[in-house]
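Trainee: Sequence:
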Amino acid sequence: MLFTNLVRKRIRLVGLVPCAVGGTVIKEWARREHLYENMVKKVRAAMKEGEGGEVAVASGDEKYMEIVREAQLRIKLPNVACVDAKGLPLKGDNLHLTTEAQVKLGQMLADAYLNNFDSSKPSSS
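Counting in this note's numbering, the sequence shown runs without a single skipped number right up to 125 at its last residue.
Honestly, the hints are just simulated from the structure, not real lab data.
Don't be surprised by glycine CBs; every beta carbon is placed ideally from N, CA and C.
Any given hint might turn out to be false.
27 Å max Cα-Cα, derived DSSO-like pairs, lysine-lysine [as the list claims (entries may be wrong)]:
(1) Lys104 <-> Lys91
(2) Lys41 <-> Lys27
(3) Lys9 <-> Lys42
(4) Lys76 <-> Lys104
So the derived label-pair ranges between C-beta atoms look like this [unchecked claim]:
(5) Gln72 <-> Val17: 19 to 27 Å
(6) Pro89 <-> Asp111: 16 to 24 Å
(7) Glu70 <-> Leu95: 12 to 20 Å
(8) Thr4 <-> Pro89: 20 to 28 Å
(9) Val40 <-> Glu70: 20 to 28 Å
Taking the hints into account, I'd like the entire structure generated from these sequences.
Mentor: Below, the structure is given as structure tokens:
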């Protein structure tokens, strides 16, 4: 919720579309798989209600975590920002973030969003 609260200070409306499913692995979220298709359907439905269309995806699938992280860090595309959560404290299961780490990640996500995609900032032209 920190992400939403920080972003709402500059942008009037923020919509969140929770799609998390615990205990899943990243391959279950591949295109044409049920979880992916369900997520896309929810995001499209939400976009009909509002403007914009930024999407954040996170996975803690331990088996593929480092492979996915390295691939994400190499992505250089317009309108894409990568926020690296590596090094944030984990719970005892060594997979899920602690509450404090979730708060820090919320701050990191908000900073990345506002620094890269905040259309309410004055234009530099």
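Trainee: Looking back at the numbered hints, which does the structure fail to meet, lowest number first?
Mentor: Violated hints: none at all, because every hint is consistent with the structure.
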